[in-house]
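Trainee: Could you build all of it, start to finish, from the sequences and the hints given here?
Here is how the chains run, residue by residue.
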Amino acid sequence: MRKGEFEFCDQVERLDPRLGEMGRRDFVYRFGKGLGSLALTSLLYGDGRLAAAARAENPLLPKKPHFTPKAKSCIFMFMQGAPSQMDTFDPKPKLNELHGKPILRKYGSLEKRMYVGSPFKFKRHGQSGIEMSDMFTELGTCADDIAVVRAMHTSSEAHTTATFFMNTGVTIPGSPSVGAWTIFGLGTENQNLPAFVVLPDTRTRIFGGPINWANGYLPAATQGTLLNSEGDPIVDLSPPAEVTTRRQEKNLELLNQLNAPYLDVHPRNPNLLARMRNYELAFRMQAAVPESLDLDSEPRKIREMYGLDNKISEPMARKCLMARRLVERGVRFVQIYCGGWDSHENIAGEHKKRGMETDRPIAALLKDLKQRGLLDQTLVVWGGEFGRTADNTMDFFRTGPGRDHNKNAMVMWLAGAGIKGGTVVGETDELGIKCVEDVYHTHDLHATMLGLMGLDDMRLTYYHSGRFKRLTDLGGKQIKEILA
Amino acid sequence: MKWRVVAILLGSIPAILAGSHLLGESPVDFERDVQPLLQEKCLSCHTAAAPQSDLVMESIEAMLEGGEKAGPSILAGDSAGSPLVRHLRGELEPRMPVGGDPLPEAQIALIARWIDQMAPPAAPDGTAQAASSHDFQSQVKPLLEQNCLACHSSQTHQSGLVVETETALLKGGAIQGPAIVAGNSRESPLIQRLRGTRAPRMPMNGQPLSEEQIERIARWIDQLDPALAARTAEDSGKPGWPWTPVAQPEVPSVKNQEWVRNPVDAFVLAKLEKQQLEPAAPVSPRGLLRRLYFSLIGLPPTPEEMGRFLADPSPEAYRLEVERLLADSRYGEHWGRHWLDLARYSDTRGGAIDDPQTHLWRYRDYVIRAFNQDRPYDRFIKEQLAGDAFRTYGDEGKLGLGFLGLWVKVEANGQQGRRNYITDVVNTTSSVFMGLTLGCAQCHDHKYDPLPQADYFRIESFFSPVNFDKQDLAFHQYEMPLQDPERWETRKKAWKEHLEKIKENAKAFKKELSERQIEHQLLVAPQDLKDWAHADQKMIPFPKDTLRTAEEKERSRKIELMTGRFANPNVDGYYDPKAYVVRDSPLQHNIATYVLTGGNWRLRAEQVQPGFLSAITGNSDPVDMDGLVGSRRQLLAKWIANRENPLTARVMVNRIWQYHFGKGLVATPSDFGSNGSGTVHQDLIDWLAWEFMESGWSIKEIHRLILDSNVYALSMTHPRSEEYEKVDPGNLQFWVRDPVRIPAESLRDTILAVSGQMNPSMGGPPFFPEENLEQMARAGTWWIPSSPEEVNRRTVYTIQSRSYPIPLIKVFDGPNLDESCVDRGNTTVTPQVFSLFNGKFPHRQSRAMAERIQSEVGPDPLKQVVRAFQLAFQRDPSPMEKTRSLAFLGESGGAPEHRERLSLKQVSLVQNHESEHGGMGQGETGSLADLCLILINLNEFVYLE
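Just so you know, the sequences run in chain order A and B.
Just so we're aligned: 39 in numbering that gives the first Met the number 0 is position 40 of the first sequence, and the numbers increase by one with no gaps anywhere.
Just so we're aligned: 773 in numbering that gives the first Met the number 0 is position 774 of the second sequence, and the numbers increase by one with no gaps anywhere.
These are calculated hints, taken from the structure and not from any lab test.
Be aware that one or more of the hints could be misleading.
Simulated pairs of lysine to aspartate or glutamate, EDC-like, Cα-Cα distance not exceeding 20 Å [what the hints assert, rightly or not]:
1. K839(B) to D472(A)
2. K468(A) to D822(B)
3. K446(B) to D472(A)
4. K468(A) to D444(B)
5. K839(B) to D231(A)
6. K406(A) to E410(B)
7. K839(B) to E248(A)
8. K881(B) to E252(A)
Covered, in the sense of this in silico footprint (three residues per stretch, anywhere, with C-beta under 8 Å from a C-beta of chain B), are these stretches of chain A [claimed, not checked]:
9. 162-176
10. 216-226
11. 236-243
12. 296-303
Computed from a predicted structure; not experimentally measured.
Heads up, the beta-carbon is just placed ideally off N, CA and C, and yes, glycines get one too.
Mentor: In structure tokens form, the structure reads like this:
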């Protein structure tokens, strides 16, 4: 069996390992014979030299990491708007005592403010006894898989710039996101699916938009792909509705035939082959992408587990389940956006709602990954763009107080591959305003994420505008305490 | 050289004797023992009369001196390192004597002993030379030759690194810097890479060296005198090219005079002849004309224009074509786009609130106009840096100031925001006009170039008073509103109406929504939390599925998009005669400029006065501002746009070259510093720069010189390319034409041109193409899709949105709008297929193309196929192409299920302006459209000949 054929069959398997005999035959019909794609495949791979050329031009083929990776994939759950640390994973009893006490302090301008105690009850979970607020009852059952980083801080206190920073390590737009860096360093395993997928929150606009998953100065192939919740999951993944599969195949066949002579007389241009290959790939993606997102094919039990049947948790459940299906199929980096955490006002109600929306889906994702043996090779990261204050303006005390922005203390948790579950690292002061011990910065988080994926943040560089650039600028230090 | 050798020889005679006594062996005598051997085995090839490899072996001096390329064949006192011995033993390829039997080991040992008894060469001061260079030859160089030279010889210089000499290693590569740190092997990148502690491990893709071998190299590095490195650094620290003034270089003479059409060819050919490379044959006349059209106007010729040229492809006719295209206003649109890349042009602010900067399009039109009028480049610079200060430039000059207002306006506090602005302006100005990475010197002295940190702030202080602001500025006679008043009024009216309608719709629908929302919330809110619904009505999202009909959903979506985005006052003033210009603040505290420690605005160090770059002026004196009327920026502008500035002209001619060839003579066009690529074509750049300034900074004149050369007309194939690739893998010498993909804008424009849908009207506010609304919703900008006529204008006129780049443009490596884009990428990625094969735009255009063909040649399929190829490629289809295409038309036209008649209505997603294309034929049209779609997707369509 020639290499090309082998790869092709491999992709059949990969597309869905559970494809029945019927399905497989249908697949071969649609993607094999009809298209004449085997002809092109052998055209591409029949000659070792051409294969080398084609490989060289596909920047997303799997690459050798810097060192043995712990994680193959990463799911980064971005809690947009910034969750509060003292209402989630960092209990502050002292703050509850001060609740309602006035304080004169500068927030923007000097103003009279009041301390806000947490309206949530904390409870220890699992053998490790990690403390979580009652926003997260389901997640509590996964406590021993989670490592909480309490003394995190970041470099910006405005949503947009802080979101850029959490994603790209820079407050100004134009730099590659952590997902782009990851696939730049590692490539991806399933060429039929995008390597870096973004699942947005359709209710809210992401601060700064696509800049957060952009490739910046890295090659265009590394940018994140936004999957739409309606219509084509990817813009123009499929041709207009009236173009039938059969017609598409005919077109591709003629395209290949007419491309052949030009290929022969331009041996110095390796991109010509790569382009032809991409037409085939795109065609396969037309089926592979919707298949990977087809949640109806999941058993009822799983759907219930994620909370798909509940209107409140449904949006997050959908994204979590999609994320599992994507990493299962070899997608390298999945980023889930979940908005609504910016509770300047009525944090009791707002955060509680966020809990109801996300608690069950996130817990289900961890458990589901675990039961499939995927948690060992998937890194899961949870957190927002910064933390929140211990006090609030007086204005909201009647309607329900909230918390404002705070970059000096925030909380994040990690789980999965390479993470020592049941750990809590770092300490903030008694009101949760500032980090005190085992302090880590966003750059450190990035270094840890890259490290678990097998990449050295110091060596993952790209020459741009006069110097070698990095995700972590001058480098971050790994959060050693949480590493298994 | 000769004298030195003789001196060494004289000096070594006593040493020979002395050495032999110590060894207690009878000394080897050259004439008696060695010479006869050499005579017999070597002199058939290495005589002075006909030296192979320039190597003469008739005398000791000649062997010590060695061949020009191979270096010395013997190293006095060091037989193990002497190439002669190593070649004889077969340690070096080829084993000597070539074609003869190897020498017996006894004879080789004799020669080795003779070499060993020679004294090592004396250093100029009489002491024995430091062991280092000696060890390098014998211990280190052989290892490097064996393992590294394939990539890092002076021929190949991968990453700019050459490992052939000690000095080259100390100097290191252009990008990575020194390969060794004298006296410190641990810190030496060479050792780190050999050990694999630094990526990539070297030799790349080869066997790692043994620890013993690495240790040998490390020992040599450790014993190097650190002062040596300092001396090397000093030597390279003296700024040479491109910091020296531009002088007119002599045009080199070449052997093949016939090939030289103008001096450009002479410079290139001289380099090629030196390496014994022959340039490729010229491209076909058809290929040449297509290349020329895409080079100058970014569009293909029509079949008729091609026919005209093919009837007479003489050099005169070609020059006529060049002139015709330089005078074509589409030239400015194409070359203006190149400049807009550099100027980081965008119609929106950037950041989260990515509102359009409503009047910046006047800068875009200004750039296009400047290129079309061949505005002298020095004036073009002055307008963009200080157009307000040069009174004679009038309002047109002020429009150039848009250049200073294109930074990304992310939210930041006052001081930080100001820093963001100032650094953008300083960095962009220095990189675009002078090819310098001055930005590196904001936090510390530049690591590679002679740019001290203070110089950064001295340049910055020219900009310290700047405020960027919107002002009333009447349209002048060359701008679109007065050039095309009818279109201006039509668009203005349509805009206002559109706006009104949206606002009304939004209001009504919002009311309706909020009523139903409350109802909905009460329905879905869980019982124990029902208090929410009351407290936070506005926070609970309104799920889409409670909207009953598709029409409702569509409306809701649109409203979502529109509301909130139109509260901006810019929206209403969209068509006002305003412009963004800069004004200098009169306030003293704004003007004071300090060196900032680490580039941090909180850490002020000493105050600085405006001054130019010390590496160029030779001093750090402040400029004389006594009696200055108007802005201090004009001083900087005059200094940059000046014949005395060594960088300005060189950088610009290199850019012009870059856009014609797909790569610059300096491959990093905005980094002429020592960390950039450097170039082997310094003299060609200097010659072009000289001509550029002599012509009065005429860009079109440089086009003429480049386009009229044989280098420009080279074919893309070369019969000996495999062999040549080894000598010059990157084609740095231009012996062949590199494959170049047409830029994203040209791709879209070309599709419009061949479909016949192109709307050629120029200038004015950008149009909003119809794109995926949901994607767009996440962009920070507002968006009102324009009419189909507007959408069919050239791509340079689309809205350039930082948060929402047009997918077709973005995937074909469109520019990053956040900062100066020096070089478009050339990636081949799958989403390109989505945009070009599946997208609505190519489908719509290929149907239009099919209609066009039908109306031009009628129903005969053969004629249709020929016309389609003519439009797309300006050639007839080959017999194979004809057969296949006809079969495709016949076959797909035959089966009834493939006869779907495609109405344009189905495709036009957005609304309101669906174009009504009647008269599409039944039957074949669908498949002719498919054929057209296939043609615009072919490699031949996106790659130039």
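Trainee: For every hint, state whether the structure bears it out.
Mentor: So, going through the hints one by one against the coordinates:
| no. | hint | verdict |
| --- | --- | --- |
| 1 | K839(B) to D472(A) | violated (41 Å) |
| 2 | K468(A) to D822(B) | holds (17 Å) |
| 3 | K446(B) to D472(A) | holds (17 Å) |
| 4 | K468(A) to D444(B) | holds (18 Å) |
| 5 | K839(B) to D231(A) | holds (13 Å) |
| 6 | K406(A) to E410(B) | holds (16 Å) |
| 7 | K839(B) to E248(A) | holds (18 Å) |
| 8 | K881(B) to E252(A) | holds (15 Å) |
| 9 | 162-176 | holds (count 5) |
| 10 | 216-226 | holds (count 6) |
| 11 | 236-243 | holds (count 8) |
| 12 | 296-303 | violated (count 0) |
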